[in-house]
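*Asks:* Sequence:
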Amino acid sequence: MAPKLPLKVLEIILTQIYLSSVIELEQNSSKTYGSGSKSRHYCSLAHPCSSARPSMSSFGDLRLVCRDWDRAFACVKHAYPFFQDVGDVFYPYSCWIKSRVRTCSISGKYRVSMTLQADWVQGVFLALDYSGSGGCSASRQVVIKVFQRPTPEMVTERMIYNQFRPFERADGIQDGISTMLETGYDPMCGVNFIAMPRLGPSLEHLIKLIPGGRLTPKMVVAVAFQLICRLEELHRRGVVHNGIKPGNICLCSESAAHSTPGTLCIIDFDLSYTLPGPGKIPRHTDLKGNKSFLSLWAHHGITQCQRDDLESLVYLLSYLQRGPLPWERDAQLSYYDEYQPPPHIWQLKALTSAKDLFEDMDEAYMHFFKEVKALAFAEVPNYAALKGLFRDAWTRLVPGEVDVSVNWWDVLRRLLKGESLSSIDAVPSQAEILDLTRLPVSKDIQSMSTSSMTPPDGTEIRTPSKPV
891 MAPKLPLKVL EIILTQIYLS SVIELEQNSS KTYGSGSKSR HYCSLAHPCS SARPSMSSFG
951 DLRLVCRDWD RAFACVKHAY PFFQDVGDVF YPYSCWIKSR VRTCSISGKY RVSMTLQADW
1011 VQGVFLALDY SGSGGCSASR QVVIKVFQRP TPEMVTERMI YNQFRPFERA DGIQDGISTM
1071 LETGYDPMCG VNFIAMPRLG PSLEHLIKLI PGGRLTPKMV VAVAFQLICR LEELHRRGVV
1131 HNGIKPGNIC LCSESAAHST PGTLCIIDFD LSYTLPGPGK IPRHTDLKGN KSFLSLWAHH
1191 GITQCQRDDL ESLVYLLSYL QRGPLPWERD AQLSYYDEYQ PPPHIWQLKA LTSAKDLFED
1251 MDEAYMHFFK EVKALAFAEV PNYAALKGLF RDAWTRLVPG EVDVSVNWWD VLRRLLKGES
1311 LSSIDAVPSQ AEILDLTRLP VSKDIQSMST SSMTPPDGTE IRTPSKPV
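Take 891 as the starting number for the sequence shown in this note's numbering and just add one per residue.
A hint or two may mislead.
30 Å max Cα-Cα, derived DSS-like pairs, lysine-lysine [what the hints assert, rightly or not]:
| hint | residue 1 | residue 2 |
| --- | --- | --- |
| 1 | K988 | K1098 |
| 2 | K988 | K967 |
| 3 | K967 | K894 |
| 4 | K1108 | K1098 |
| 5 | K1277 | K1263 |
| 6 | K1245 | K1108 |
| 7 | K1245 | K1277 |
| 8 | K999 | K967 |
| 9 | K1277 | K1260 |
| 10 | K1098 | K1307 |
| 11 | K967 | K898 |
| 12 | K1108 | K1307 |
| 13 | K988 | K999 |
| 14 | K1260 | K1170 |
| 15 | K1245 | K1263 |
| 16 | K1245 | K1260 |
| 17 | K1098 | K1245 |
| 18 | K1277 | K1170 |
| 19 | K1277 | K1098 |
| 20 | K1108 | K1263 |
| 21 | K1108 | K1277 |
| 22 | K1108 | K1260 |
| 23 | K1170 | K1263 |
Computed Cβ-Cβ distance ranges for the label pairs, DEER-style [claimed, not checked]:
| hint | residue 1 | residue 2 | range |
| --- | --- | --- | --- |
| 24 | R1030 | S910 | 28 to 36 Å |
| 25 | I903 | T1164 | 57 to 65 Å |
| 26 | P1077 | S1023 | 24 to 32 Å |
For the record, the hints were derived by calculation from the structure and aren't laboratory data. Built from N, CA and C at the ideal position, the CB exists for glycine as well.
Using the sequences provided together with the hints, build the complete structure.
*Replies:* This is the structure we're talking about:
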């Protein structure tokens, strides 16, 4: 009987075989992409992609020799979790959610490459999805929300996305509304996740590129028209968004931009509600959302409905064109001293008139504000009439143009080139659509807002509270 090899010796043997298999992967990549190209395999030994599986199959078969070889195989797999690194970030604490998602491929297909937002127990990450037939060479970028344990926000968002399933087209695409690719629990990483397609930068990030942080009247009218269309579709699906703010409005994805460069997409449904049905009466609910853009009824904990989303849109449009809202300006609170605390935000909202919100703006906004304020609980708005207000405003701003649309990708390209906003808005652009792969990667473009955990434009309220 042949002597039994020590486990350490088996590990050395398997390590050499493993490294030879990785070299074979690199050689196959060189044949496919040309000499000098590096291996594009971001997958792992535990979950190889479709193109890496043939090269690694012979190595994986060695674990079937005997129990000792299987143990040595497990040691090699632990020492070399991935075929290639995607970054030099190191997190020293294994309990961090940032560390957990980098120990394996989530759901066997999503390789985390960048942190967008994260705390100890949950986060939003950019990942590479290599599950397609082309393997790692044809991987696509996705955004993945990760939770150490299921939270009410995660359960709500997953429920809303499942509610959207009957409305999806055959290709799974929904124009203007974010979709869910997959959700579940990964036992290897020990995390719950929601995977979504990657979209472009948000309006919040676009504003940061503009000196003064304000959009032009033409752009704001285009935003108003599109978001009324988006809210109409959401309400038709029985959902109240309850999170309208610049960070939750993104440019459409890069691939979709070639056909619809002016499309804006609504994201982030973790604070959303199911629309109350006919005959329902208002009841008290927990106060949650961004207090700068919440409706007045929401501050008092009244059940959210169509009118609340539209009122949040009112405040968003004022913010985009005129800057900080009246209750956000320090001048409004300057005359209060330590003996007289400042008023609550809901009090300032109640005292703010349409004239204060839309000073020097088109008359369509005043009419829009009055129509929204006149809506009763669960009343279905006349969306056609509301869109007509801004279609008329567009005609006054751009005579002769029928399509209420702005090429946001072209606006972004020009801003990154240093052009002024006035020159961008002067002539309707017919430039080619922005290709992000030709631009220098910046955090402003990559870190699009996909969660309201750390919002850039206000404070989130997620706990029961009195009006604030």
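*Asks:* Could you run down the list of hints and mark each one as holding or not?
*Replies:* Here's how the hints hold up against the structure:
At most 30 Å may separate the alpha-carbon atoms for a hinted pair to count; K988 and K1098 meet this at roughly 27 Å. For the proposed pair K988 and K967, the alpha carbon gap of about 21 Å is at most 30 Å, so the pair holds. The hinted pair formed by K967 and K894 meets the criterion: a straight-line CA distance of about 22 Å does not exceed 30 Å. Under the criterion of a C-alpha separation no larger than 30 Å, the hint pairing K1108 with K1098 is consistent with the structure, at around 18 Å.
In summary, the hint linking K1277 to K1263 is supported, as the alpha carbons are separated by about 16 Å, within the 30 Å threshold. As the CA atoms of K1245 and K1108 are separated by approximately 20 Å, the hinted pair is consistent with the 30 Å bound. A threshold of 30 Å between alpha carbons decides the hint, and for K1245 with K1277 the separation of about 21 Å falls inside it, so the pair holds. Of the pairs offered as hints, the one joining K999 and K967 holds, with about 17 Å between alpha carbons and a cut-off of 30 Å not exceeded.
With a CA separation close to 14 Å, the supplied pair K1277 and K1260 stays within the 30 Å bound. Proposed proximity of K1098 and K1307 is supported: the alpha carbons are some 14 Å apart, at most 30 Å. Under the criterion of a C-alpha separation no larger than 30 Å, the hint pairing K967 with K898 is consistent with the structure, at around 14 Å. Taken as a hint, the K1108 and K1307 pair is honoured in the structure, with Cα atoms around 21 Å apart against an allowance of 30 Å.
Simply put, K988 and K999 have alpha-carbon atoms about 17 Å apart, close enough for the 30 Å limit, and the pair holds. Distance restraint check for K1260 and K1170: the Cα-Cα separation of roughly 24 Å lies within the 30 Å cut-off, and the hinted pair is therefore satisfied. The suggested pairing of K1245 with K1263 holds, with an alpha-carbon distance near 14 Å, which does not exceed 30 Å. For a cut-off of 30 Å, the pair hint linking K1245 to K1260 stands: about 11 Å separates their Cα positions.
Distance check on the hinted pair: K1098 and K1245 sit about 26 Å apart at the alpha-carbon level, within 30 Å; holds. Distance hint between K1277 and K1170 is fulfilled; the C-alpha atoms sit about 27 Å from each other, no more than 30 Å. A threshold of 30 Å between alpha carbons decides the hint, and for K1277 with K1098 the separation of about 28 Å falls inside it, so the pair holds. At roughly 24 Å between alpha-carbon atoms, K1108 and K1263 fall within 30 Å of each other, so this suggested pair holds.
For the hint linking K1108 to K1277, the alpha-carbon distance of about 15 Å falls within 30 Å, and the restraint holds. At roughly 21 Å between alpha-carbon atoms, K1108 and K1260 fall within 30 Å of each other, so this suggested pair holds. Under the criterion of a C-alpha separation no larger than 30 Å, the hint pairing K1170 with K1263 is consistent with the structure, at around 20 Å. A C-beta distance of roughly 30 Å is found between R1030 and S910, which places it inside the suggested range of 28 to 36 Å.
For I903 paired with T1164, a C-beta distance near 59 Å keeps the hint of 57 to 65 Å intact. Separation of P1077 from S1023 is about 26 Å and conforms to the stated range, judged on CB atoms against 24 to 32 Å.
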